[in-house]
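S.K.: Here the protein sequences line up with chains V and W, keeping their order. Residue numbers for the first sequence follow the numbering used here, so the first one is 43 and each next one is one higher. Residue numbers for the second sequence follow the numbering used here, so the first one is 1103 and each next one is one higher.
If you're looking for bench data, these hints aren't it; they were derived computationally from the structure. Be careful, since some hints might not be right.
Said to hold, decoys possible - Only pairs whose alpha carbons sit at most 30 Å apart, straight line, appear in this in silico DSS-like list of lysine-lysine:
1. Lys135(V) to Lys1182(W)
2. Lys96(V) to Lys135(V)
3. Lys1181(W) to Lys135(V)
What the hints assert, rightly or not - Quick list of simulated restraints, FRET-style, between CB atoms:
4. Asn98(V) to Gln1172(W): 44 to 50 Å
5. Ser118(V) to Gly1118(W): 49 to 55 Å
6. Lys1182(W) to Ser117(V): 35 to 41 Å
7. Ser117(V) to Gly1118(W): 47 to 53 Å
8. Gln1157(W) to Ala148(V): 44 to 50 Å
9. Ser1167(W) to Glu47(V): 27 to 33 Å
10. Glu57(V) to Pro1116(W): 29 to 35 Å
11. Ser118(V) to Pro1120(W): 46 to 52 Å
Even glycine gets a Cβ: it sits at the ideal position worked out from N, Cα and C.
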Amino acid sequence: GIQVEQSPPDLILQEGANSTLRCNFSDSVNNLQWFHQNPWGQLINLFYIPSGTKQNGRLSATTVATERYSLLYISSSQTTDSGVYFCAVDDYKLSFGAGTTVTVRA
Amino acid sequence: SQTIHQWPATLVQPVGSPLSLECTVEGTSNPNLYWYRQAAGRGLQLLFYSVGIGQISSEVPQNLSASRPQDRQFILSSKKLLLSDSGFYLCAWSVQGTSPLHFGNGTRLTVT
């Protein structure tokens, strides 16, 4: 199956800072999604973005399919942004990366 | 709008006991349904997926089984739990084909 690598594994931010999370994948994909898992375990779908750029409030994502990577941007981070961010790729059988743990400090 | 319900939220079971976790989806028809497991501090592992009633695909050989008795109902079962079955179990759904995946709130299973 497709290999998914996320970086960095951990990220500590001061409230208000901006950050970029990266997802590399080993083969062409039809489907790439970003998720946020909050400290209580709830997983929320942030973006469905097999290619191009999308924005949702302070979050945006860009996928460059030809170069096999996707980036998730967090701007003006807030403590509620803390949690684990997962990238997932493939067809309907999504394969998840190991995640980036983000801690935003007040 | 579509919603997904998963229960129970937490469960503590002794080794060797049976397991039944249930997941239902509302507001959509013929969804793809999935069971994932997340070990503590780790990523998500796909256990089973289903594209229709009675159609179950297993991704990982294990002590668990899944069934889909109705279009929007997905059940995860075990006849005899092992300690290694402990984890966070998440049900998810998507529209047929390639589309966003949506998760339930999960069940934290501790096997003692």
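S.K.: Indicate, hint by hint, whether the structure satisfies it.
M.R.: Structure-based check of each hint:
1. Among the hinted pairs, Lys135(V) with Lys1182(W) is consistent with the structure: their alpha-carbon atoms are about 27 Å apart, no more than 30 Å.
2. With a CA separation close to 23 Å, the supplied pair Lys96(V) and Lys135(V) stays within the 30 Å bound.
3. Between the alpha carbons of Lys1181(W) and Lys135(V) the distance comes to roughly 26 Å, so the proposed pair stays at or under 30 Å and holds.
4. Our hint of 44 to 50 Å for Asn98(V) and Gln1172(W) is violated, since their Cβ atoms are close to 34 Å apart.
5. A hinted range of 49 to 55 Å holds for the C-beta pair Ser118(V) and Gly1118(W), which are about 51 Å apart.
6. At about 50 Å, the CB distance of Lys1182(W) to Ser117(V) disagrees with the hint of 35 to 41 Å.
7. Restraint check, Ser117(V) to Gly1118(W): a C-beta distance of roughly 51 Å satisfies the suggested window 47 to 53 Å.
8. A hinted range of 44 to 50 Å for the beta carbons of Gln1157(W) and Ala148(V) is consistent with their spacing of about 48 Å.
9. The hinted window of 27 to 33 Å between Ser1167(W) and Glu47(V) holds, with their beta carbons roughly 32 Å apart.
10. At about 44 Å, the beta-carbon gap between Glu57(V) and Pro1116(W) misses the expected band of 29 to 35 Å.
11. At roughly 49 Å, the beta-carbon separation of Ser118(V) and Pro1120(W) lies within the given 46 to 52 Å, and the hint holds.
Of the numbered hints stated above, those contradicted by the structure are hints 4, 6 and 10, listed in ascending order.
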